[in-house]
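> Chains as they are written, first to last, in the working numbering: chain A, 1 to 361; chain B, 1 to 361.
It should be emphasised that the hints constitute simulated quantities derived from the structure, not laboratory data.
There could be a bad hint or two in this list.
[Unchecked claim] Here are the computed lysine to aspartate or glutamate pairs in the EDC-like style, where the Cα-Cα straight-line distance is at most 20 Å: (1) B:Lys-314 x A:Asp-62; (2) B:Lys-2 x A:Asp-62; (3) B:Lys-329 x A:Asp-312; (4) A:Lys-138 x A:Glu-116.
[Stated by the list, open to error] Here are some chain B residues the structure puts well away from chain A; computed CB gaps all over 12 Å: (5) Pro-21; (6) Leu-155; (7) Glu-181; (8) Ile-194; (9) Gly-252; (10) His-254; (11) Asp-312.
[Said to hold, decoys possible] With the Cβ distance kept under 7 Å, some of the chain A side facing chain B (calculated, not the full set): (12) Gly-39; (13) Val-276; (14) Ser-294.
For each residue, glycine too, the CB sits at the ideal point set by N, CA and C.
2 protein chains.
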Amino acid sequence: MKIGILGAGQLGRMLALAGYPLGHSFVFFDQAPGESTAGLGTTHIGQFTDQQALATFAKACDVVTYEFENVPCETAHFLSTKVPVYPPPQALEVSQDRIVEKTFLQNLGIATPRFEAASSETELRNACQKLGLPCIAKTRRFGYDGKGQARISDLAEIPAVWKTLGGTPLIIEGFVQFSRELSVIAARDVHGEIAIYPLAQNEHIQGILHRSEIPAPELSPTLRQEAQAIATKVLEKLSYVGVLAIELFQVGDHLLANEMAPRVHNSGHATIDGMVTSQFENHIRAISGMSLGSTEARARSVMYNLVGTTPDPKELSIIPDAKIHLYGKSPRSGRKLGHVTLLNPSESTETALSTKVTPKS
Amino acid sequence: MKIGILGAGQLGRMLALAGYPLGHSFVFFDQAPGESTAGLGTTHIGQFTDQQALATFAKACDVVTYEFENVPCETAHFLSTKVPVYPPPQALEVSQDRIVEKTFLQNLGIATPRFEAASSETELRNACQKLGLPCIAKTRRFGYDGKGQARISDLAEIPAVWKTLGGTPLIIEGFVQFSRELSVIAARDVHGEIAIYPLAQNEHIQGILHRSEIPAPELSPTLRQEAQAIATKVLEKLSYVGVLAIELFQVGDHLLANEMAPRVHNSGHATIDGMVTSQFENHIRAISGMSLGSTEARARSVMYNLVGTTPDPKELSIIPDAKIHLYGKSPRSGRKLGHVTLLNPSESTETALSTKVTPKS
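Given only the sequences and the hints, what does the whole structure look like? Please build it.
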């Protein structure tokens, strides 16, 4: 099949690398040429609002998917009149607005952090008083990697926060004293079959994912079942096709759903080397009408992101059982340039990698 | 690095798919566009004797390798005056002529089947009488997948065989009563470090590889060490850089080296899913100056070739733990179109696959 991908970043790159062995070819659509997908297929350049460019793109594809959740919903809807679009555009609508998203989750009986909407400085103040301090203010739309967020510890900070976040509609979330951050990545195929990966345990530095371990260590059966139930409810409610990620907070022996991404997810990159079938392959399997592959873990897999700079690949190649994934991107502060996954690492192996890749604070 | 590959077939495809995650990009050179490498890099079209085309190609590359052993030696030598070429062109010289190859192996103290050269019908008759019947006549050059070979069971067949094989210089090999066919795949990096994969056990149908299992079952330590010694001798003698394959016959508890390929090899395809580092990745690591990755087996891996036709990928996707690799090639009788690797398959899983892909006899 000719698979079209909206977006030409590293997720598109890894989708293509997983999809070629299944016999597919790839066409990308983005507003500028992507370094990550250079060489891996044709790229159509255009605005996401340019219906003529989108129509030309649709003609080159048997199916269309997307690698980031900020694709305009109208773009996905327009394309879906020409060619199948997976995951369903409704998943974009739900995940693009943090208020809609958390409301959607709560309506499914899924616990989330407490939240309030605020569209003015006064509403922001009211929300803070209602939720108690500290709390977290986030833009309702277009946040990622910790961008568009601010912690409020004192009511005096409110005017500055309102200004910093751009005076746009906000969600204010009650502070959650969680013991760790987890994520569940799951896939649903066109027949409605669901496959769920072992949970990932995630650590962030400066709002950017730093380390993920799959399977998350010391996970109780209760938590595992709770995560599986959350993923299943969301996938089924949306008649989802493809891979979905849900970020979770562990509080005691329960989970709160924080946000969802209707796409392959950074916390699932360790599935490439660590699981029987990667999240990228299962996304492609799902949207191309194949059955899903096994999500079983083949190893304890620990992934580190390469952010801002990349160590010399020759040095990385010396680390035992280190699987190297570079995205072909130019270095820039805060930019995800690659990741390395360690298979069943000893403590010293993990230290050898983490000292090379951990951002200096 | 920009890696140039001579040849645009499925081996080039799988080298590129393994090389992108290491941060490399790919340029191919072939006499016609390759279906297998379409979308995976730029292809330069030209004759292997066209020095102008080769010079242009060399300018686009930081290093050059090849995916088939019938690249003219002059081509490799010419390119090596412009850009590093790995494996060394001498490996091509040795492996392109079956007499040179077996003489090279014997000079290293490596046992091979008995053989004689024959450049005329009379010499063919003399060789048959010396070696005894049955014996195997093969063209010295350009044979593959059982092509350019004939078994001689009766001296009366000699005129017909001489004619069928084209009246070209031949090697005549004494018949070997082997218990099984094995292969050893090994890699050597630019620093001289060597990594050797567990042996593969191979089964052919109509001269074409049908099934490979890695690690080869029930292998004695003696055989393993013998194979490792053979591979090491060849790699070191040639100051080799990259992946090399040697086909072996097991006779009792000893090995005869049958032929070698200075490249990634079909009997090593199971390393993609079954080993920590695939043969493709290790070839790219070696020629790009990185250290080699672990060749350890992560699973009992059984590969079946898809020859001539491909089952519906949706049907293949139902088989548990089946890793699908399609090459993007149009179906044609006897053509390798893809392969499927099973991880730790049960008997019933292997039967499910083999009934779909075994050629009707």
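> For every hint, state whether the structure bears it out.
Here is what the structure says about each hint:
1. Using a Cα cut-off of 20 Å, the hinted pair B:Lys-314 and A:Asp-62 holds, with the two alpha carbons roughly 16 Å apart.
2. The suggested pairing of B:Lys-2 with A:Asp-62 is violated, with an alpha-carbon distance near 31 Å, which exceeds 20 Å.
3. Pair hint B:Lys-329 plus A:Asp-312 does not hold up; C-alpha atoms about 36 Å apart against a cutoff of 20 Å.
4. Of the supplied pair hints, the one linking A:Lys-138 and A:Glu-116 holds, its CA atoms being roughly 11 Å apart against a limit of 20 Å.
5. Chain A draws B:Pro-21 into its interface by the beta-carbon criterion, the shortest separation being 5 Å against a cut-off of 12 Å.
6. With a minimum CB-CB distance of about 49 Å to chain A, B:Leu-155 clears the 12 Å threshold, and the non-interface call stands.
7. In this structure B:Glu-181 is separated from chain A by more than 12 Å, as the shortest Cβ-Cβ distance comes to about 26 Å.
8. Every beta carbon of chain A lies more than 12 Å from that of B:Ile-194, the smallest distance being close to 15 Å; the non-interface claim holds.
9. Once the 12 Å rule is applied to beta carbons, B:Gly-252 is consistent with being away from chain A; the minimum gap is 36 Å.
10. Distance check for B:His-254 against chain A: the nearest CB is about 33 Å away, which clears 12 Å, and the non-interface claim stands.
11. With a closest Cβ-Cβ approach of about 10 Å to chain A, B:Asp-312 is found to fall inside the 12 Å limit, against its non-interface label.
12. Interface restraint check for A:Gly-39: the shortest CB-CB distance to chain B comes to about 5 Å, inside 7 Å, so the restraint holds.
13. A least Cβ separation of about 6 Å between A:Val-276 and chain B falls short of the 7 Å threshold, and the interface hint therefore holds.
14. For A:Ser-294, the interface hint holds, the least distance from its beta-carbon to any beta-carbon of chain B being 6 Å, beneath 7 Å.
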